[in-house]
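*Asks:* These protein sequence lines are chains A and B, in that order. For the first sequence, the residue numbers in the working numbering are 867 to 967. For the second sequence, the residue numbers in the working numbering are 380 to 852.
To be clear, the hints were calculated from the coordinates, so they are not data collected in a lab. There could be a bad hint or two in this list.
To be verified - For lysine-lysine, the following DSSO-like pairs were computed, each having C-alpha atoms within a straight-line distance of at most 27 Å:
| # | chain 1 | residue 1 | chain 2 | residue 2 |
| --- | --- | --- | --- | --- |
| 1 | B | K803 | A | K955 |
| 2 | B | K803 | A | K954 |
| 3 | B | K803 | B | K669 |
| 4 | A | K954 | B | K671 |
| 5 | B | K527 | B | K442 |
| 6 | B | K671 | B | K733 |
As the structure is a prediction and not an experimental result, all values here were calculated from the model.
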Amino acid sequence: MTLSHFIILSLMLCAIGVYGVLTRRNLIGILLSVEVILNGANLNFAAFAHFRAFDPTAGAVFPIFVMAVSACEMAVALAIVISMYRRKKRLDVYRLEELNG
Amino acid sequence: MTLLLPDLLLLLLAAIVMAVDLIRIRPLSTVSFHLSWAGLLIIFLVLIVLPYDQETIYLGTYKVNGTALLFKQVFVLSAFCTVLLSGSYFTPGGNARGLLRYRSEFCFIILLCTFGMFAAVSATDLLTLFIGMELATIPLYILSGYQKEDSLSVEASTKYIIMGSLSTGFLLFGYSFLYGCAGSLSFEAILAFAQSAPADPLLRLGVLFVMAAIGFKLTIFPFHMWAPDVYDGSPTPVTAFISVSSKAVAIAFLLILVYGPLAPLHKYLQPLLLILAGATMTVGNLGALKQKRLRRFMAYSSIAQAGYIIMAMAGGAEAARSSIIYYLFVYAAANYAIFFIISIAGRDGNEEFKSLQGMGRRNPVLAAVLMLTLFSLGGIPPLAGFMGKFLLFASAAQQGFYSMVIFAALNSTVSLYYYLLLVKEAYILQPATSSRPLVTDRIQRAALLLLTSAIIFLGLMPLFSSNILAVVR
Numbered sequence: 867m868t869l870s871h872f873i874i875l876s877l878m879l880c881a882i883g884v885y886g887v888l889t890r891r892n893l894i895g896i897l898l899s900v901e902v903i904l905n906g907a908n909l910n911f912a913a914f915a916h917f918r919a920f921d922p923t924a925g926a927v928f929p930i931f932v933m934a935v936s937a938c939e940m941a942v943a944l945a946i947v948i949s950m951y952r953r954k955k956r957l958d959v960y961r962l963e964e965l966n967g
Numbered sequence: 380m381t382l383l384l385p386d387l388l389l390l391l392l393a394a395i396v397m398a399v400d401l402i403r404i405r406p407l408s409t410v411s412f413h414l415s416w417a418g419l420l421i422i423f424l425v426l427i428v429l430p431y432d433q434e435t436i437y438l439g440t441y442k443v444n445g446t447a448l449l450f451k452q453v454f455v456l457s458a459f460c461t462v463l464l465s466g467s468y469f470t471p472g473g474n475a476r477g478l479l480r481y482r483s484e485f486c487f488i489i490l491l492c493t494f495g496m497f498a499a500v501s502a503t504d505l506l507t508l509f510i511g512m513e514l515a516t517i518p519l520y521i522l523s524g525y526q527k528e529d530s531l532s533v534e535a536s537t538k539y540i541i542m543g544s545l546s547t548g549f550l551l552f553g554y555s556f557l558y559g560c561a562g563s564l565s566f567e568a569i570l571a572f573a574q575s576a577p578a579d580p581l582l583r584l585g586v587l588f589v590m591a592a593i594g595f596k597l598t599i600f601p602f603h604m605w606a607p608d609v610y611d612g613s614p615t616p617v618t619a620f621i622s623v624s625s626k627a628v629a630i631a632f633l634l635i636l637v638y639g640p641l642a643p644l645h646k647y648l649q650p651l652l653l654i655l656a657g658a659t660m661t662v663g664n665l666g667a668l669k670q671k672r673l674r675r676f677m678a679y680s681s682i683a684q685a686g687y688i689i690m691a692m693a694g695g696a697e698a699a700r701s702s703i704i705y706y707l708f709v710y711a712a713a714n715y716a717i718f719f720i721i722s723i724a725g726r727d728g729n730e731e732f733k734s735l736q737g738m739g740r741r742n743p744v745l746a747a748v749l750m751l752t753l754f755s756l757g758g759i760p761p762l763a764g765f766m767g768k769f770l771l772f773a774s775a776a777q778q779g780f781y782s783m784v785i786f787a788a789l790n791s792t793v794s795l796y797y798y799l800l801l802v803k804e805a806y807i808l809q810p811a812t813s814s815r816p817l818v819t820d821r822i823q824r825a826a827l828l829l830l831t832s833a834i835i836f837l838g839l840m841p842l843f844s845s846n847i848l849a850v851v852r
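The shape of chain A in the complex, shown without the other chains (with noise of 0.2 Å):
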């Protein structure tokens, strides 16, 4: 195990949560891809941290603080979901189609 293995496993979980974000037609599938995206990103640090780093407490604490701003952002999110739910009964995002032009 290098850091070499742990990039490519995190650039893979961010191409699969890229991929997710743009394919996926559920709203609350969209919004576990973009958390597989900061978590690949929390891997980055912390493997940085692990091997690399001349300040490897800066790279263990970042992720913690990714996790509880991610945290509010879906807190905000699926508030904001459950509003869109109760407008259009439905969570496909083909159904966001009245802004246009």
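Following the hints, position chain B against chain A.
*Replies:* Relative to chain A, chain B alone:
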């Protein structure tokens, strides 16, 4: 501690606004509204009298210097105008999309969002920068869906949060690679590493991710698609706030990184920035040509303006910093003036081009202000917009990018065409049906007077503040 005073006052103000709402005596009181704008005005006055030539670092991560204070001025003025602009949307009448409610929560969220922007421009390491950017962005998702009975507003906030959280993911990847190659989160360590090994692949990868992420927030060309939808769907005061404050914080972010830790990479970034700037202004200008709804029109206009601003970032540090901050003031004044006019013209109706028709007869003063503001946005000489664009172009020209400057000037001509379309609606076309008189209240008149005089004053006397202009020295 004096340099930290505006930040502390802002937090205090937010707490007071929320507390007043909790203990309010009669419902629907406007206390929080008046408290917010008065408090923001006081914070702005405090910001003006602070010294701009000092630099202090608090707790090792929170740096306050002249540049940060100037950006804070922009943010405070923008929040001030947004609070004033929101006034008419909370009083009965509103517009066709319905009345906004929960006024003190609205002011509270605006204030906290502004505090996040304060934190972002004061950062000296990636962690503070990340937290600041998120504090500045998450409230905007809430605000854009503030009219939750309106399906357009909900749709706008859904689109915004999906694109925004995706960009946060990219930003984090960028940060992790920057941290990985420098081994530390502080800007100094990253700067030292970038100087020793500017061609390191991890560093390049990190910069690429960060640029993509900031492209979303700044509506740079391939990532601008969300902007028209979000601007169109959000409540109008929120659209104004997003178009000025959120753009200003993204520009501040880019300035901090490009001329701070990534300064050794600047000559590699120059071609990238120029290509992005050219594409962004072209896309914005072409998109604005066919719009019929005012908020959507403003979205494309602000995409084009972002293009001009990024172009200045190809210049040297001093020139770029001063010209961009000057332009942000000019852009904020013109944008808010237009949004005030939109809020007056769209009252009880829709905010479309049609609602401007016959304004020259119905309210000649308002029509004159609209014309002046649009000329400033288009860059007609005696007004502030011309001076702002001139300085931006000069910043790129100093580095010898003359063809880019010519391209931008041509683009600016195209933009003049669609700004004049609005003037045509206001002066030449007459409404088909009989129109209501345009009512303005005291606050709107005062705000428009201030913004208009700022547009004229900044254009006639660009040298009044030595803090802003280092470029023409």
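*Asks:* The structure should be examined with respect to each hint, and the outcome stated for every one.
*Replies:* Here is how each hint holds up against the structure:
Taking the CA atoms of K803(B) and K955(A), the gap is about 42 Å. The hint is violated against a cut of 27 Å. For the proposed pair K803(B) and K954(A), the alpha carbon gap of about 38 Å is over 27 Å, so the pair is violated. Of the supplied pair hints, the one linking K803(B) and K669(B) holds, its CA atoms being roughly 15 Å apart against a limit of 27 Å. Taken as a hint, the K954(A) and K671(B) pair is honoured in the structure, with Cα atoms around 26 Å apart against an allowance of 27 Å.
Between the alpha carbons of K527(B) and K442(B) the distance comes to roughly 38 Å, so the proposed pair goes past 27 Å and is violated. Of the pairs offered as hints, the one joining K671(B) and K733(B) holds, with about 8 Å between alpha carbons and a cut-off of 27 Å not exceeded.
Against the hints set out earlier in the document, violations occur for numbers 1, 2 and 5.
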